[in-house]
Amino acid sequence: MMPSSKGGREMPNRKSVLLLCLAGLLLTTGCWDRRELNTIGIVVGLGIDLKDGLFDVSVQMINPNQQTSTSVDSQTKVALYKQKSSTVKEAMRKISAISPRINYLSHLRIFILGEELAKEDIEEVLDYLSRDHEVRSDFYIVIAKGLQASDLLSILTQIDTIPAIRMYNMLNLSAKMWAPTLGIRMIELIKEQGNHYGKTSVLSGIGVRGDLEKIKTKLSDELIDPPGRIYYGGIAVMKDHKLAGWLSDTDSESYVYLVDKVKYSVLQVPCGEDGKAVLEVMGSRTKRTVSLSNGKPSIKAVISMKADVSEFICEKSLLSAEMIDELENSASDKLKRQLEKTVKHVQHKYQADIFGFGELIYRKYPKEWKRLEPDWEQLFKDLPVEVEVKVKINHLGTVNEQLYYEESD
Amino acid sequence: MASSQEKALSSSLKHNMQWVSEVLGGSEDLSIRQFRLRVVTSVEAAVLFIDGLVNTDLVQESIISSLIAGPSRLENLETGVPVIPKLIKPDYSKLLQLLKEDLLPVGAVELLTEKTIFLEKLMSGNVLILLDGHSGALAAELNGWKERTLSEPDSETVVRGPREGFTENIRTNTALVRRRIKSPNLRILQQNLKIKSGTKVSIAYLEGTALSHVIKEVEHRLSLIDIDILLESNQLEELIQEEGYSPFPTVNHTERPDVAASAIQEGRIAIFVDGTPIVLLVPSVFIQLFQSAEDYYQSWDIGSLIRLLRYASFFIAMLLPSIYIAITTFHQEMLPTILLISIASQREGVPFPAFIEALAMEITFEILREAGIRMPKTIGQTVSIVGTLVIGQAAVEAGIVSAAMVIVVSLTAISSFVLPSFNLSITVRMLRFIFMALAASFGIIGIAVGIIALCLHLCSLKSFTIPYMTTLAPYERSNQKDTLVRLPTWMMLTRPSLFTRRNPIRQSQVLKDIKMKPPRK
Numbered sequence: 023m024m025p026s027s028k029g030g031r032e033m034p035n036r037k038s039v040l041l042l043c044l045a046g047l048l049l050t051t052g053c054w055d056r057r058e059l060n061t062i063g064i065v066v067g068l069g070i071d072l073k074d075g076l077f078d079v080s081v082q083m084i085n086p087n088q089q090t091s092t093s094v095d096s097q098t099k100v101a102l103y104k105q106k107s108s109t110v111k112e113a114m115r116k117i118s119a120i121s122p123r124i125n126y127l128s129h130l131r132i133f134i135l136g137e138e139l140a141k142e143d144i145e146e147v148l149d150y151l152s153r154d155h156e157v158r159s160d161f162y163i164v165i166a167k168g169l170q171a172s173d174l175l176s177i178l179t180q181i182d183t184i185p186a187i188r189m190y191n192m193l194n195l196s197a198k199m200w201a202p203t204l205g206i207r208m209i210e211l212i213k214e215q216g217n218h219y220g221k222t223s224v225l226s227g228i229g230v231r232g233d234l235e236k237i238k239t240k241l242s243d244e245l246i247d248p249p250g251r252i253y254y255g256g257i258a259v260m261k262d263h264k265l266a267g268w269l270s271d272t273d274s275e276s277y278v279y280l281v282d283k284v285k286y287s288v289l290q291v292p293c294g295e296d297g298k299a300v301l302e303v304m305g306s307r308t309k310r311t312v313s314l315s316n317g318k319p320s321i322k323a324v325i326s327m328k329a330d331v332s333e334f335i336c337e338k339s340l341l342s343a344e345m346i347d348e349l350e351n352s353a354s355d356k357l358k359r360q361l362e363k364t365v366k367h368v369q370h371k372y373q374a375d376i377f378g379f380g381e382l383i384y385r386k387y388p389k390e391w392k393r394l395e396p397d398w399e400q401l402f403k404d405l406p407v408e409v410e411v412k413v414k415i416n417h418l419g420t421v422n423e424q425l426y427y428e429e430s431d
Numbered sequence: 297m298a299s300s301q302e303k304a305l306s307s308s309l310k311h312n313m314q315w316v317s318e319v320l321g322g323s324e325d326l327s328i329r330q331f332r333l334r335v336v337t338s339v340e341a342a343v344l345f346i347d348g349l350v351n352t353d354l355v356q357e358s359i360i361s362s363l364i365a366g367p368s369r370l371e372n373l374e375t376g377v378p379v380i381p382k383l384i385k386p387d388y389s390k391l392l393q394l395l396k397e398d399l400l401p402v403g404a405v406e407l408l409t410e411k412t413i414f415l416e417k418l419m420s421g422n423v424l425i426l427l428d429g430h431s432g433a434l435a436a437e438l439n440g441w442k443e444r445t446l447s448e449p450d451s452e453t454v455v456r457g458p459r460e461g462f463t464e465n466i467r468t469n470t471a472l473v474r475r476r477i478k479s480p481n482l483r484i485l486q487q488n489l490k491i492k493s494g495t496k497v498s499i500a501y502l503e504g505t506a507l508s509h510v511i512k513e514v515e516h517r518l519s520l521i522d523i524d525i526l527l528e529s530n531q532l533e534e535l536i537q538e539e540g541y542s543p544f545p546t547v548n549h550t551e552r553p554d555v556a557a558s559a560i561q562e563g564r565i566a567i568f569v570d571g572t573p574i575v576l577l578v579p580s581v582f583i584q585l586f587q588s589a590e591d592y593y594q595s596w597d598i599g600s601l602i603r604l605l606r607y608a609s610f611f612i613a614m615l616l617p618s619i620y621i622a623i624t625t626f627h628q629e630m631l632p633t634i635l636l637i638s639i640a641s642q643r644e645g646v647p648f649p650a651f652i653e654a655l656a657m658e659i660t661f662e663i664l665r666e667a668g669i670r671m672p673k674t675i676g677q678t679v680s681i682v683g684t685l686v687i688g689q690a691a692v693e694a695g696i697v698s699a700a701m702v703i704v705v706s707l708t709a710i711s712s713f714v715l716p717s718f719n720l721s722i723t724v725r726m727l728r729f730i731f732m733a734l735a736a737s738f739g740i741i742g743i744a745v746g747i748i749a750l751c752l753h754l755c756s757l758k759s760f761t762i763p764y765m766t767t768l769a770p771y772e773r774s775n776q777k778d779t780l781v782r783l784p785t786w787m788m789l790t791r792p793s794l795f796t797r798r799n800p801i802r803q804s805q806v807l808k809d810i811k812m813k814p815p816r817k
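Protein sequence lines correspond, in order, to chains A and B.
Residue numbers for the first sequence follow my numbering, beginning at 23 and rising by one.
Residue numbers for the second sequence follow my numbering, beginning at 297 and rising by one.
Because the hints were derived from the structure by calculation, they are not lab data.
Keep in mind that this is a model prediction, so the values were computed, not measured.
One or more hints might be untrue.
Claimed, not checked - Listed below are the simulated DMTMM-like cross-link pairs for lysine to aspartate or glutamate, each with C-alpha atoms no more than 25 Å apart in a straight line:
| id | chain 1 | residue 1 | chain 2 | residue 2 |
| --- | --- | --- | --- | --- |
| 1 | A | K213 | B | E629 |
| 2 | A | K111 | B | E629 |
| 3 | A | K37 | B | E629 |
| 4 | A | K104 | A | D160 |
| 5 | A | K37 | B | E644 |
| 6 | A | K116 | B | E629 |
| 7 | A | K104 | B | E644 |
| 8 | A | K37 | B | D347 |
| 9 | A | K104 | B | E629 |
| 10 | A | K37 | B | E318 |
| 11 | B | K411 | B | E318 |
| 12 | B | K396 | B | E318 |
| 13 | A | K414 | A | D233 |
| 14 | A | K240 | B | E644 |
Model the full assembly from the supplied sequences, consistent with the hints where possible.
Below, the structure is given as structure tokens:
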């Protein structure tokens with residue numbers, strides 16, 4: 023309706039007064055949590071070492087001046103700030119005394135624990151990182167194998183020139199393509215900390231091959247083949263918030279198969295007497311079941327895998343159903359033996375349920391679990407674990423027989 | 297008695313002539329031709345018209361030759377006896393009837409006695425004939441002035457579709473609509489408004505389809521108008537809208553006869569104002585601001601996709617700068633790391649907070665746009681070059697604004713041009729600044745609150761008794777075929793029931809049955 027003459031005159035007054043009040047409120051907010059982009063220091067890598075009983079925190083901060091294609095100064099792309107203190111938070115705050123910008127942790131990509139710290143206790147560090155409101159939980163946690171976290175964060179890298187982002191991408195890729203590497207993100211670790219069914223966590227290891235001191239210089243990233251490189255390898259077994267030990271590459275691979283984290287990988291299979299075949303794993307699924315007999319639990323893990331033939335160096339013909347069957351069987355046997363060996367090794371050396379078998383039992387037999395829980399560590403040591411591997415070969419690649427194959431008849 | 301005498305024309309030609317020249321104060325465009333009418337008898341007479349408003353050729357043909365030159369040689373029409381001027385008292389009513397019915401070869405001739413009507417007719421391009429001894433005047437409609445020819449409307453161009461646009465002449469405009477709807481039910485009614493400049497206003501609707509209470513409402517609101525001059529339909533638009541302060545247009549307008557015809561066919565009412573090519577369409581709802589004539593002139597699939605693009609552009613044009621401000625000053629964690637690093641490196645060395653930076657750029661852009669419109673066309677090119685250089689390059693190179701901000705502002709500007717309704721893009725331009733202030737003080741939460749307030753406001757609007765958000769809120773399933781997307785023409789069996797549910801059938805079902813039939817095996 024058309025505003026009546028009287029109402030029409032009063033309405034704008036009331037409205038404009040209200041608007042004026044609201045506009046006034048805008049001024050009073052003060053924008054307390056406003057942070058302009060050029061006042062924050064974007065932290066992409068965080069490392070914590072233990073030095074003289076103190077936390078030695080090092081942060082790798084982006085140098086925004088050096089990120090555009092036009093920047094020509096010889097500044098580095100990132101800067102490293104280190105402070106020591108008896109608590110993590112204090113050390114983080116003390117960084118403001120040496121850094122021009124406030125630490126901004128939301129974009130943390132990788133968090134490196136020094137090996138010494140990991141051997142001592144990681145509880146405080148994890149509590150701080152999971153409690154801080156700014157920190158997201160999607161970054162990777164790794165343990166520096168045989169060196170300081172701060173050393174790893176001061177290495178210059180190629181291709182991905184921001185070192186922390188390079189480490190993140192490396193782990194992302196390797197965890198997907200190569201079974202022995204496993205990427206553990208903060209969120210997964212937090213979940214495991216809250217798991218009360220006997221599971222202990224694992225973390226992946228990061229190390230340096232080559233000359234550490236040399237690759238910390240600017241020159242090293244100008245070489246095609248620098249004197250040293252960062253690599254991921256080995257899985258760290260954690261027990262009671264402490265590093266209990268490292269799994270070898272083979273054991274790591276088995277572990278990743280057993281917890282169903284393999285996406286793609288490679289498998290070597292013997293063929294005949296001295297031949298070999300290499301299979302590319304195109305997908306693997308692990309199904310684990312628990313059964314209880316006479317109050318004693320036992321585990322069965324069935325791994326079904328699809329694979330393609332990548333290499334075939336053997337005197338036999340590949341183009342026969344028997345040969346395919348033979349390859350499938352020997353692959354299954356080999357993997358089965360390897361997996362069983364790893365389980366035995368972990369059971370006896372660490373007595374740490376890194377596989378999460380306890381949780382499996384709890385899920386299926388929650389009442390039984392209450393009885394088993396008090397001496398789970400001992401039970402785990404002697405837990406019978408049966409492994410079954412089913413390999414299915416789908417494709418033989420773009421050639422049929424091997425190139426130098428001669429038919430015997 | 298005296299007042300009625302003042303209102304009515306005098307019976308003395310001399311008095312009348314005196315009165316006219318007094319009222320018009322000797323305006324030079326008034327043409328007077330006094331002569332002696334020699335039909336039946338001899339009477340002093342005068343022809344008056346405004347030069348420039350009448351078709352001089354026709355005046356010569358129909359008035360001068362038939363009254364002044366012609367009749368003296370004519371026979372007496374009744375008796376066949378040649379006319380001999382005699383000084384007898386003429387029978388005026390017979391004489392006038394004779395003039396009106398037989399002697400003036402003009403479409404519309406009217407007898408009038410009141411002075412106000414006399415002036416009104418004179419000003420709207422009639423030729424007036426006064427006779428001495430009679431207090432009436434004959435008005436012959438012979439108007440004809442220079443006007444623009446039909447041309448393609450600049451504001452609503454189409455790639456495919458009719459090229460005709462409305463002109464400044466109300467009669468031409470109503471004819472353009474009439475040509476598209478050859479139905480006897482099309483009513484074109486002139487409205488008698490209290491407008492001192494005498495501007496003509498007409499409404500057009502389809503009898504039996506348009507809702508009678510909406511027609512009444514339109515007529516009622518028009519009758520409330522009492523204004524000195526009406527030059528453009530926007531004045532009328534503001535006067536008849538129910539919401540005095542809303543930035544959203546609750547009256548549509550168009551320059552295209554096909555759009556007006558389609559609106560009338562759907563049961564809406566078109567309001568024509570003389571002197572402007574912009575025709576108002578009421579009632580109007582929000583979703584129509586996103587519809588363009590071309591949606592229906594090209595195939596339905598691309599029409600639908602482009603319509604979705606417009607909805608996206610609406611949000612980009614309104615919200616992009618505010619989202620940029622909110623994310624870069626409050627919620628840096630929302631961006632992917634690499635993108636954040638890239639934006640941070642661009643912001644490096646920029647001395648202003650993001651809000652000030654955005655505000656400065658947006659205002660610069662608005663200045664450039666306004667300059668581009670007001671400048672003479674030949675200089676327009678210069679403005680755009682200067683604008684591009686100043687904003688695009690120099691500001692970034694000098695480190696005063698970041699390159700990302702230039703991208704945001706340009707994208708916003710281009711998106712606002714995608715909207716087919718110019719009204720809506722003005723609304724969006726204004727709201728953008730409010731959202732930017734909200735984003736700078738409260739971040740995403742501010743934007744969210746702003747959007748909620750906007751939705752509440754939109755839902756509270758009404759256009760001539762129809763809720764503004766009709767088809768979305770209240771949700772109407774039957775109208776979804778032409779809301780977010782446009783379905784093929786053969787699927788639209790009924791007319792949109794937005795404005796009326798009378799006479800709903802658009803086409804028969806035959807074609808749909810043929811197309812939907814499963815293929816033969």
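Now for the hints, and whether the structure bears them out:
Of the supplied pair hints, the one linking K213/A and E629/B holds, its CA atoms being roughly 22 Å apart against a limit of 25 Å. Of the pairs offered as hints, the one joining K111/A and E629/B holds, with about 20 Å between alpha carbons and a cut-off of 25 Å not exceeded. A distance of roughly 37 Å separates the Cα atoms of K37/A and E629/B; the hinted pair therefore is violated under the 25 Å criterion. Taking the CA atoms of K104/A and D160/A, the gap is near 23 Å; set against the 25 Å cutoff, the hint holds.
Of the supplied pair hints, the one linking K37/A and E644/B is violated, its CA atoms being roughly 42 Å apart against a limit of 25 Å. A C-alpha spacing of about 23 Å is found between K116/A and E629/B, which places the hinted pair at or below 25 Å, so the restraint holds. Between the alpha carbons of K104/A and E644/B the distance comes to roughly 24 Å, so the proposed pair stays at or under 25 Å and holds. Between the alpha carbons of K37/A and D347/B the distance comes to roughly 52 Å, so the proposed pair goes past 25 Å and is violated.
For the given pair, K104/A sits about 24 Å from E629/B by alpha-carbon distance, which is consistent with the 25 Å threshold. Under the criterion of a C-alpha separation no larger than 25 Å, the hint pairing K37/A with E318/B is inconsistent with the structure, at around 50 Å. At most 25 Å may separate the alpha-carbon atoms for a hinted pair to count; K411/B and E318/B meet this at roughly 13 Å. A hinted pair counts as satisfied when its Cα atoms are at most 25 Å apart, and K396/B with E318/B does not qualify at roughly 28 Å.
Between K414/A and D233/A the alpha-carbon distance is near 43 Å, which puts this suggested pair outside the 25 Å criterion. Taking the CA atoms of K240/A and E644/B, the gap is near 24 Å; set against the 25 Å cutoff, the hint holds.
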